[in-house]
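Student: Turn these sequences into a full structure, and let the hints steer you where they fit.
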Amino acid sequence: MPRGSEERVGNLRPRAKVWAGFRRAGLASGALATLALGAGSACAAASLTVMVTRSDGTPVPGAVVLLHGPPGSRPAPPATYVVDQVNLTFTPDLTVVPVGSSVKFPNSDAVSHQVYSFSPARRFQLPLYRGTPYAPVKFDQAGIVTLGCNIHDDMIAYLVVTDAEWSGLTEADGTWAVANLPAGEFRVEVWHPRMREVATTLEKHLAIADATAGKLDVHLMRPLRPEPLGHKPHSWSDY
Amino acid sequence: MRTLVAFALALASAAAQAADALDLQVDLRLVASDGRTSYLDGGLGKLRFDEGHDGLQIGRLRAAWSGDFGERWNARADVSLWRWDDATRFDITETYLEFRPYPADGWRSRVKVGASYLPVSLEHRAAGWTNPYLISSSAINTWVGEELRTIGAEYSLEWLGTRQGSDFDAGIETAVFGWNDPAGVLIASRGWTLHDRQTMLFDKMGQPGQGPVPGRVLFKEIDGRPGYWAGAHVRYLDRVEMRYLHYDNRADPEAYDPGINDYAWLTRFDSLGLRLETSGGWTFIAQWLAGNTSIEPETGYEVWDFDSTFLLVSKAWGPHRISARADWFGTDHVQTSWPPPVEEDGTGFTAGYSYDFDDHWHCAVEFLQIRSDVAARMHLGEPSRAHERQLQLQVRYAR
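Going down the list, the protein sequences come from chains A and B.
For the first sequence, this note's numbering assigns the number 6 to the initial residue and increments by one for each residue that follows.
For the second sequence, this note's numbering assigns the number 66 to the initial residue and increments by one for each residue that follows.
If you are wondering where the hints come from, they were derived from the structure by calculation, not from laboratory data.
Mixed in with the good hints, there may be bad ones.
[Stated by the list, open to error] Derived lysine to aspartate or glutamate pairs resembling DMTMM-like cross-links, with alpha carbons at most 25 angstroms apart:
id: 1; chain 1: B; residue 1: Lys380; chain 2: A; residue 2: Asp243
id: 2; chain 1: A; residue 1: Lys237; chain 2: B; residue 2: Asp88
id: 3; chain 1: A; residue 1: Lys143; chain 2: A; residue 2: Asp158
id: 4; chain 1: A; residue 1: Lys237; chain 2: B; residue 2: Asp424
id: 5; chain 1: A; residue 1: Lys109; chain 2: A; residue 2: Asp168
id: 6; chain 1: A; residue 1: Lys109; chain 2: A; residue 2: Glu170
Tutor: Here is the structure:
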């Protein structure tokens, strides 16, 4: 696996009958991606497994993978999602939602929260509340939305609003797999909240032929930010 | 000031809506001490509990109310009792109105009006300005809790970098305040101490008519000149925080208030602190504070320099925590017209263990030892040097 320098990234020779084009954003970020395609099963549909690893080769769970399909791919339908607030923590703290989806922000804590985002993709604020007094918030523009609570600065969560047809988070082994893909040209984006790569998201174009099982390896070149220390005891406060 | 506080409370309670909260806390201690007569009882002993206060003692009884009203306003009041025979019993440590507008493009402002703590301490992180690491505070932050309070208006501006993909958050804060003219009298006449008792707004420190600190009133406007402080902080993720603060109460050292028998003490200091936390449950805190205070009675000009440093290390695992802290402190009476000088040097060593049974019940044990050389003890007919030790067992219920 070529690793370590951008020159070697540029010299990558994609195997099999694929075209592997690196978007400049992905290259400049210093992250590496390699694509390998193997013989598929008898059925015509293709599949893809994306594996995200740290610079030391260990898997990165919880990374967002967005897969944009060839023209004509069926868009992921918008839906209503829930980001709860429990024990002064957003739950879940990372959600991928299709463009046009709505998100409910109930507050299950005994204390009030004041949820906000000043991310360009969606600016909003929910005045101090407990329970579920507000209608779901609609997200019409693709992008990363950082959620915070104006009362409890330790609370942070992310929504990845996307027009990708397929999306998900990598598992504990760092992989995310999708099957029943049509043949054609795809664009893969990878993002993680603790990622320190120069580009906001890592992008890669790839072509997948009928009946192939593709595997895309994404190596982060910079260490992830350390995990948050975990929420503090309830009685702690800011002074 | 009474009017201001009463106004704040009345406004807050009148406007408060359903979203309010009441915290209650009962903190009892079992104490063994060989300390000299405490500064609380007219002595120059450095411990909160001296050898006459062994056995079962009140640590703190506390009630705090917090209410949100409107979209962006919050009001709170924190009331405590530290000892049944204090001059004032239940009294206010903090009360203020806070305006919390939403962040805009990564920046956020906050405004506080009322009486609140200065953003100096990196130890005091728990409700009621409590130190979660050890029962007793460092010399620096004991003094902050004793003599300093922002009674006025505070503005802070925060850059929320971690909300924008940065590893850092940073902010600046400043305040204009009054009613802090006696600040400095304790550090000059008594020196540093290490304990957890916070002075309340209408409190009197020490017993009236007794000893070097005869029932001092600490929050009073004497000269009509507002003071200010200005500070800055920067945080690296949730791992490292650094704080700086410059304080100047701009007191007129010639001003005298016969009502409280005290001068306006011109007090200025700088404080710098660093806190580091690791994923293994370790916390390291280092803080330094240095400044001077002066008064100018008709008999001459009196100036004291003061400084203190501490290092704290703490390790938490599950409900357990062990902590230790070393304190170094001193005052120098650098200018005086009635020698000998009233000054001191000392060190403190504190070690403790605490256990959280659940969200409500907490217990802790702490050993505190202070070695000090206080010149003013000779006026009391005592040796200037003292080696005082105090062992406390704390049981606290909070809801």
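Student: Each hint: holds or not?
Tutor: Cross-check of the supplied hints:
1. Distance restraint check for B/Lys380 and A/Asp243: the Cα-Cα separation of roughly 21 angstroms lies within the 25 angstroms cut-off, and the hinted pair is therefore satisfied.
2. Note on A/Lys237 and B/Asp88: the hinted pairing holds, with a Cα-Cα distance of about 18 angstroms set against a maximum of 25 angstroms.
3. Of the supplied pair hints, the one linking A/Lys143 and A/Asp158 holds, its CA atoms being roughly 24 angstroms apart against a limit of 25 angstroms.
4. Proximity of A/Lys237 to B/Asp424 is assessed by CA-CA distance (about 12 angstroms); at most 25 angstroms being required, the pair is judged to hold.
5. A threshold of 25 angstroms between alpha carbons decides the hint, and for A/Lys109 with A/Asp168 the separation of about 20 angstroms falls inside it, so the pair holds.
6. Restraint check for A/Lys109 and A/Glu170: satisfied, since their Cα atoms lie roughly 22 angstroms apart, inside the 25 angstroms limit.
Hint compliance for this structure: no hint is broken.
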